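Protein chains in written order, with the working numbering: chain P, 1 to 333; chain X, 1 to 333; chain L, 1 to 332; chain D, 1 to 332.
Careful: at least some of the hints might be erroneous.
[Unchecked claim] With a straight-line cut-off of 27 angstroms between C-alpha atoms, the simulated DSSO-like cross-links for lysine-lysine are:
| # | chain 1 | residue 1 | chain 2 | residue 2 |
| --- | --- | --- | --- | --- |
| 1 | L | Lys6 | P | Lys328 |
| 2 | L | Lys262 | D | Lys259 |
| 3 | P | Lys216 | P | Lys283 |
[Claimed, not checked] Listed next, the stretches of chain L that the computed footprint assigns to chain P, with coverage defined by at least 3 CB atoms under 8 angstroms from CB atoms of chain P:
| # | region |
| --- | --- |
| 4 | 57 to 70 |
| 5 | 100 to 106 |
| 6 | 210 to 222 |
| 7 | 254 to 266 |
None of these hints come from the bench; they were simulated from the model.
Since the structure is predicted, the reported quantities are computational estimates derived from the model, not experimental observations.
Glycine included, each C-beta is placed from N, C-alpha and C at the ideal position.
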Amino acid sequence: MNTFLEDFYKTMKRIRTFEERVSELFIKGETAGSMLHLSIGEELGPTCISKAMNDNDTFTTHHRGHGIFLARGGDPNKMMAEIAGKKDGYCKGKGGSMHIADMSVGHLGANAIVGGGIPTVVGAGMSYKYFSKPSISVAFFGDGALQQGILYESMNMAALWDLPVVFCCINNQYGMGTKIDKAVAVKDFTGRAKSFGLNACSVNTLDVEEAYYKIKPIIDDARSGKPGFIEIECYRFYGHARMDKSPYRDIDEEKLYRERDPIKFAKKKLIDKNILSKDNIDKLDNEISNEMDEAISFAINASLNDTNEIFKDVYSNKNPESIKTRIKKIIGN
Amino acid sequence: MNTFLEDFYKTMKRIRTFEERVSELFIKGETAGSMLHLSIGEELGPTCISKAMNDNDTFTTHHRGHGIFLARGGDPNKMMAEIAGKKDGYCKGKGGSMHIADMSVGHLGANAIVGGGIPTVVGAGMSYKYFSKPSISVAFFGDGALQQGILYESMNMAALWDLPVVFCCINNQYGMGTKIDKAVAVKDFTGRAKSFGLNACSVNTLDVEEAYYKIKPIIDDARSGKPGFIEIECYRFYGHARMDKSPYRDIDEEKLYRERDPIKFAKKKLIDKNILSKDNIDKLDNEISNEMDEAISFAINASLNDTNEIFKDVYSNKNPESIKTRIKKIIGN
Amino acid sequence: MSDIEKDYFEEITYRDALRLAMHDEMNENKNVIIMGEDVAKYGGAYGATKGLLDIFGENRVIDTPISEPSIIGASVGAAMTGLKPIAELMYVDFFGMSLDQIANQAAKIRYMFGGQTSVPMVLRAQGGTGRSGGAQHSQSLESWIMHIPGLYLVMPSKPCDAYHLLRKSIQLDDPVVFLEHKMLYNSKGSLDKKNIDAEFGKASIRLEGNDITIISYSRMVNIAEEAAIELKKSNINAEVIDLRSLNPLDKENIIKSVKKNKRALVVSEGHYTSSVASEITSIIFEHCFGDLLKPVIRYTAEDTPVPVAPNLEKESIPSMENIVNFSKKLME
Amino acid sequence: MSDIEKDYFEEITYRDALRLAMHDEMNENKNVIIMGEDVAKYGGAYGATKGLLDIFGENRVIDTPISEPSIIGASVGAAMTGLKPIAELMYVDFFGMSLDQIANQAAKIRYMFGGQTSVPMVLRAQGGTGRSGGAQHSQSLESWIMHIPGLYLVMPSKPCDAYHLLRKSIQLDDPVVFLEHKMLYNSKGSLDKKNIDAEFGKASIRLEGNDITIISYSRMVNIAEEAAIELKKSNINAEVIDLRSLNPLDKENIIKSVKKNKRALVVSEGHYTSSVASEITSIIFEHCFGDLLKPVIRYTAEDTPVPVAPNLEKESIPSMENIVNFSKKLME
Ligand SMILES: Cc1ncc(C[n+]2csc(CCOP(=O)(O)OP(=O)(O)O)c2C)c(N)n1
Ligand SMILES: Cc1ncc(C[n+]2csc(CCOP(=O)(O)OP(=O)(O)O)c2C)c(N)n1
Ligand SMILES: [Mg+2]
Ligand SMILES: [Mg+2]
């Protein structure tokens, strides 16, 4: 059992360090814009769920999805380059932080539309069922998406058709500046999921191992055709996007919740249980730090796209004509 | 208590007779098209809920809304004329059966979009709360709309803001040719509503009085700011729209359910309890029959619109130019 | 479902042509599935999928709940993971609630993800007036779709094109919005499965003529053809162009014909403003500037919601008589 | 919120002008409410409602759940029952999921119900590129709205118009879609509350000129003005027309100016095809046929989704330099 914890710690630490570097990249003025949604403080959920998933499983994420992607095998270099809007990024710099994807690790795409990527996993689940593949597909989304009707349509379809699908809500208590209390009357979201016929569980702990054992059965059941819903309660340590300082939040609340840190908790547990020494952890942290520094360098040094890239990938078999060309055809060169 | 029953019977009988006349009007070739959705067999719900509502309450309906409208005071003549697409109809013949409305009796509109009229009542509820009016607003919809995400968004908003709103599902077991079993995994819809924070009840009876006493508290609670959900289980006696013969349904099922007739039930109860004699009921039926015959005549004799009507009511303060006029301005007369 | 073995039909309905196209593709490619409201047992609100459930079973012809955004969203996910979904949206009017999945997801996924994946799906829907369906069941919303890069847009008027273009749509690696017209399902024409004239972006010249070019698509092509026949009586030879697909659009043949005839009329059942008709009109003016003897006229539905009353509904869209009148006027 | 007492501002931001407009209407009419995601405590994603919560309280400035279709739908219901809602949609890109409530409900209710009721609401949203928001947060979807009868469509470029037109929108008895541009909020201009030049359907001539007419709206007006100043250096006098509202559209002033200058360029940040630009281009060709010395040119965003990479994003929309180039070309 304890062997997991080292892994878990490493995953969570990599996520956090990556996000810190994204922040640095932003400060250096090297990111493509400021619509960057960091998941610092929210590392537990993606980590334990990712661990419960198999290699051929797939997933979609919301706009705050770096952590999930990393946990599932995303390459920090290509991620960082994408966030920088560079040619060597995952999506040639055309998708950016909010629309990043990697089909090779089953990342069917991040989505900047709250709830937009949820029905995708229903369709993926239909495929796996149709082809009798042992895969599942997991939709990650925030608590805000609990108020998007498409979630309930999708839950209903998944339950109706016994699809290998999991809906995973990373409930960080806020949708931008709106606290969850101001968005819903009833905070037991498992009740919603169950009423549509899903397995459901909610996890509120700092202990990633405990969380893992709680959510694992939901994932396993999904694989055998009983779709599930998982809520991970956590807290968004910093602002909504890179420019937001969360003036709408109580400072004491922020302080309190930032103490509730799953990474600190795991570190302590590793030491207390004599799994890793402090030194070993420092070494690991250092490795991670170097890895992520490299990602920054990679992103900064990566080359910009040729503007002709604008016209590629709209269709599989043709590129749209540029407006300039169209105009030339009308009034000449 | 028994005094209600006569009223209830009359309301249900008027609805049924009206719908039969719509069918006749169609056969005569006098309706505007065939997108006519009759509520024969479904009279109990609208009747008992209407009774529980007050004069200044409002409502929206789905495409199968004639019954609700009648129960709330709709004028059969103007309804029939609207269904015929005539100038003297409620909406000058421009809305027809699926988009009929009468602000004067609180009918905020029928909707041809499944689920389309649901958030309207949330907005109406916001108004009543804002103006401290003692009104409620009720959305009527079919079981099909239970699979439209907008319903859950609206439920959530109503619960969050303590709105005087009721969501009423007329569950006739079918959405077009699809049986409810093929549309959902879990048929307890009150569970869905409760999970969002609503009062909820489901009614499955032929006894309109019993239904009334069951739903009344939900309506009353809504008035004091606790929104509710009511499911009325019933059966669509005939086809989905006027041309549909329901070939997808089992004949035995149809037979069985057509026996389960709330009007027959009420009639028997009236006689058994000596509230009305069979003769009195026949007399009442006759009056209703005459009333609805008149509606047919009214509709048939009503005049057609002048084609200039096309351009009216698009905006409050201007009419769009006709295409002919636009073209004339370009190429002359 | 009879006749599935035949390769040539002297006369077949538009509905049956669609059904055969789906049948033949499903036969050849086991990854093709159909999903939508009442497409299986009911056979589709307009009957286009009737019989396919019996042949292909409920794993491939799937009745869905009434959840348009999720039907289309699930098709997107299915398309990204190996299936070839044909989703049916019962009315184009329901684009209103589902455009996020169509225009923000299906249309943009390939682009946003840098070409990593495709969304090979077909979204079938039907629109138009003719059944007194009113403002929410009679629209022609192709302009919304044509405006969005990433979506093929196909609107055939004839059974043979419906057949071949639907098959090609299913074979394509991109999302296709395939729009039918509620009054076309019972219309008839021939179908030769072996003789494939239809291609995306290739208009068909339905009638040749040297006086005026009438450009149209979907049901309005048939009205334009009637008008052309009527115009012959006045010795006016109209060339009738059936666009068949709006994206890609056959600019070349439009321009060629108008350069020849120097007069053009664009006919569409959509609204006038900011529309497919505006687009085609612009293209003609831009490229035939100098050649035109008269301004191009766009003749469309009124800029009002569609009224239910049959007399008003009919008056609110283009008529054969007015196509004739406007054409004559242009010939003056 | 300072300055609320002042009637004249030498310099005010577009954002503050909007905020003042809402403030002043709310002050005068207690039925006006604001609702939307993060409009209250947060003050709106782009800050346009900042401070209004403190002044008007949470009964009138209402944070909603992230439920766009229902936010707009509830506004429709509120508008039908006595309130005057100003709904905020954080990005026009969310039209995709909410057009049913906008285009099938708000736009059509008065018509379908034969004029019995109105839907007096304002839907504010913002669009456009400039922040690397990518394909799902950078669109300019006014064409979808302009196509639908029943919806006013307002897209001011200047703080003073933003102020006056927003007030008029709130006063109107019809649904208004009021579209801002994410890069305009910090732009500045003067505002005279007493001097009302803005009206629906009345374009503003930003710069007069006798050589070429440049027609635009929203942010692109500012780029067009810069281009006009640049063109002066080459002795070309461009007339810059700011449409301010697209429905109603000031055809008269467009036509008048183009008849005078005989050359026209239409500039829009929306896509090229089936667009607002196609519409304006058609109108000019139709009505200035015979007067034009050169074809009208529409210069728009590319027909591709909007890429995130800043260099690509910038290249995908019209630039000042190219407006200058195309104008010069037209003057040849
Ligand atoms: C459909 C839609 N509505 C609104 C937004 C704007 N927006 C972006 S993120 C966000 C908050 C989402 O909150 P939540 O789902 O809890 O995710 P979190 O940001 O907390 O991770 C909002 C309102 C959006 N992108 N899409
Ligand atoms: C959004 C939407 N989807 C589909 C339809 C087509 N349609 C009209 S009625 C109907 C069935 C509705 O079933 P239900 O809600 O149970 O109402 P019922 O007809 O049984 O009264 C369908 C699918 C529609 N009008 N609107
Ligand atoms: Mg959140
Ligand atoms: Mg039903």
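(request) Take a quick look at whether Lys216 of chain P and Lys283 of chain P sit within 27 angstroms of each other, Cα to Cα. (result) violated, 30 angstroms
(message) Can you confirm whether chain P covers the region 254 to 266 of chain L, using C-beta to C-beta distances below 8 angstroms and requiring at least three such residues?
(response) violated (count 0)
(message) With the threshold set at 27 angstroms, check whether the alpha-carbon distance from Lys262 of chain L to Lys259 of chain D stays at or below it.
(response) holds, 22 angstroms
(message) Against the 27 angstroms threshold, does the CA-CA distance of Lys6 of chain L and Lys328 of chain P hold or violate the hint?
(response) violated, 49 angstroms
(message) Under 8 angstroms between beta-carbons, do enough residues of the region 57 to 70 of chain L, three at least, approach chain P for the coverage claim to hold?
(response) This one holds; 6 residues, not fewer than the three required, reach chain P with a Cβ under 8 angstroms.
(request) State whether the coverage of the region 210 to 222 of chain L by chain P holds or is violated, taking the criterion as 3 or more residues with Cβ-Cβ distances under 8 angstroms. (result) violated (count 0)
(message) If you count the residues of the region 100 to 106 of chain L with a beta-carbon closer than 8 angstroms to a beta-carbon of chain P, do you get 3 or more?
(response) holds (count 4)
Hint compliance for this structure: hints 1, 3, 6, 7 are not met, and every other hint is.
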